[in-house]
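Asks: The residues making up each chain are set out below.
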Amino acid sequence: MLDNLQLLFVWAPIINIQVILEGIFVGAVFALSAYGLALVWGVMNIKNLAQGDFVIMGGYLALALSSANIPLPLILLIVIAFMFVYGWGVYVLMIRRILDQDMFVSLLATFGLSLLMQQVMNLIFGPEVQTIDMELPNWDLFDNMVTIPSSKVISLGLAAVIATAVVIFMKKSRAGQAIRATAQDPRAARVLGIDTDKVYAFTFAFNSALCGAAGVLVSIIWVIQPFYGITYSVRSFAIVTAAGLGNLPGVISAAFGIGLFEKYVGMIIGTAYEVAAPVSILVMVLIWRQISMKRNRQVVR
Amino acid sequence: MKMRALMTVAGVCALATASAITPAVAKVDGDTIILGSSISLTGKYATNGLHTQRGYDFAVKTINDAGGVKVGGKSYKLAVTYYDDESTPARGAQLAERLIQQDGVEYMLGPYSSGMTKAIAPVSEKFGVPMVEAEGASRSLFTQGYKYLFAVLSTSEQYLATAVDMAAASTSDPKSIKVAMAFEGDPFSMDVRAGVIDKLNEYGMKTVIDDQLPADLSDMSTTLTKVKALKPDILIISGHSKGAATAARQIDEMKVNVPMIAMTHCEAAKVHEKFPKTATGFLCPTQWVETLSKSDPMFGSAADWNANFKKAYPSYSSVPYQSAQASAAVYVWKEAFEAANSFDKDTVRDAISKVEMETFYGDIKFSENGNNIAKPMFMRQIGSDAKYSLVETFKDMTFPRNVSY
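So the protein sequences, as listed, match chains A and B.
Numbering-wise, the numbering used here puts 145 at position 145 of the first sequence, and it's gapless, one number per residue.
Position in the second sequence counted from 1, then plus 301, gives you the numbering used here.
Treat the hints as calculated values from the structure; they're not laboratory data.
All C-beta atoms in this analysis are idealised placements derived from N, C-alpha and C, irrespective of residue type, glycine included.
Hints are supplied without guarantee of correctness; some may be wrong.
Claimed, not checked - Here are some chain A residues the structure puts well away from chain B; computed CB gaps all over 12 Å:
id	residue
1	V92
2	P149
3	I230
What the hints assert, rightly or not - Stretch by stretch, here's where chain B covers chain A in the computed footprint (C-beta under 8 Å, at least three residues):
id	stretch
4	14 to 23
5	46 to 56
6	76 to 83
7	127 to 133
8	259 to 271
Given only the sequences and the hints, what does the whole structure look like? Please build it.
Replies: In structure tokens:
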């Protein structure tokens, strides 16, 4: 550990740039899936444990499409469209029925969905680790001490475009306004003529599409496997808990923060602890919230 | 009340007789010797489970076609009862119990993977049923004092130890060699690591990186960043197929230039197909190669087995060693039955422990702990044409790796 600190700050400080870049790339992908989770959680109070599996499903769709030699922008559009329809279907078949139930029902139901999706993907695509190799150039800087794969730059750009589109959509469009209104007060929204059932369906489908987009990015910059969804679920939960619900700038900054934290932990303590990093943030945030809220809490006897 | 008690007693009696009678029938059914195996046909080990099953089936068919197994002057055919363990250890243990208790199987073939073998071995041990396994390489399987477990393959600590030998041979001063290691935290990879560490200490080499990789590994860029900064002479990686795939992908992306890279599961992860440029020069251990100069009267040479297996299963372009060792396990059963000249499971067990033979898969001789001590691990290097070539000593290998990113 001391060696690693020395390496980072004394021997080869230039590799900090690499670590920071990796953190940013990771954060960009997390931000997409975490925002979807925050939306569903905030609007309809569903804690979607299958979030990561939606991401992996998007990745596998991209893999299937890329083997048919379809260009990346088109793949992204097809996956987003397909995942939107899939999300709508899941809402109609399942989520609609658990909306009024308590928290455990939504957790159990989405956990079941997660298992189902994993096994179906395993049956269709097999248990091997797969990846889309687009054979894009990699740039190197500082005497090959820092390498920047163009696939990661592209995915960062795509994530930025998608996030901007989401912000504009939520602020300006009628559908976005309806979602925000429903999140604030579903009953009032209904009184004012908003079809909340449709808003819920749209929100869930929208989340699924965002996850699909994240999955496409994951499959071109890392590797996918049917059972990898859980890591994306855990990270999304950590980010949303840290950022709060329905707060897009918060989610994005938390995503980048967790991405950077993860990479620095990996660098200093070891790669094995990278996955533990977001969970430890989750714990720290919860403890800090408990303490800071204690001041406002009044004891009723 | 009385009636009820009577019925319960009757029920218990019926159950007791049922379970007492069934085992006697199935172990040798007429002229067929029944072997049992719980194997992963679905779940995460499905692919390798299928390779294993085909290896078993191919050997059974070859042996039966050649006249079967001769015991007491009579010819018996072999047959295997399979159950799908869904790649879950708990299910595997359950099915092993079912094979032994309900189906009366007294001779077992192993499942796929060390983890599954670890779950099943205590069951077969409890009932005193011998098991010849071909796919569980973990060293820890052979430190439990199991009496009925035999493995035809080399154990996991031998996987990458040869790579360290070769690194040592690359210079006149092995002590100057800097080593970077990245191993997953699972039992198999930890065994591989233990073997490597023993060798490193033997040569007095210096470890500059010793990272543990997480189980759901999809990004090892931090480890590789360190590798680039510290410039080791050899990089050693083990993390199953996902480790090999992730490593190859990111070594390419980050243009990592280490003169010698050794990793397990190159072939299973198909790194030579997916990353032909980067994979050039990778050293990959294997249990078996089809160019091996070993042979036996049943399957012929390694090349013969390979050709015939491909004929039986034309979907393989290159045959995985998992199938070869599965065939070897069935062959051990045939030899043991004939040597024992009996179907008593303890007599057969003693015969297995005394087996000493040359096969297309390599020599087989079991230690007291049940692992095969006669066969070494083989090391192959991926060439620029994405082909694997056998590397027996340092002289056979291309050093340093010749890659231009």
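Asks: Evaluate each hint against the coordinates.
Replies: Results for each hint:
1. V92: holds (29 Å)
2. P149: At about 4 Å from chain B, P149(A) fails to clear the 12 Å cut-off, so the statement is violated.
3. I230: Nearest chain B Cβ is 7 Å from I230(A), so the label is violated.
4. 14 to 23: With 4 residues close enough to chain B, the hint holds.
5. 46 to 56: This one is violated; 0 residues, fewer than the three required, reach chain B with a Cβ under 8 Å.
6. 76 to 83: violated (count 0)
7. 127 to 133: holds (count 6)
8. 259 to 271: holds (count 5)
Of the numbered hints listed earlier, those contradicted by the structure are 2, 3, 5, 6.
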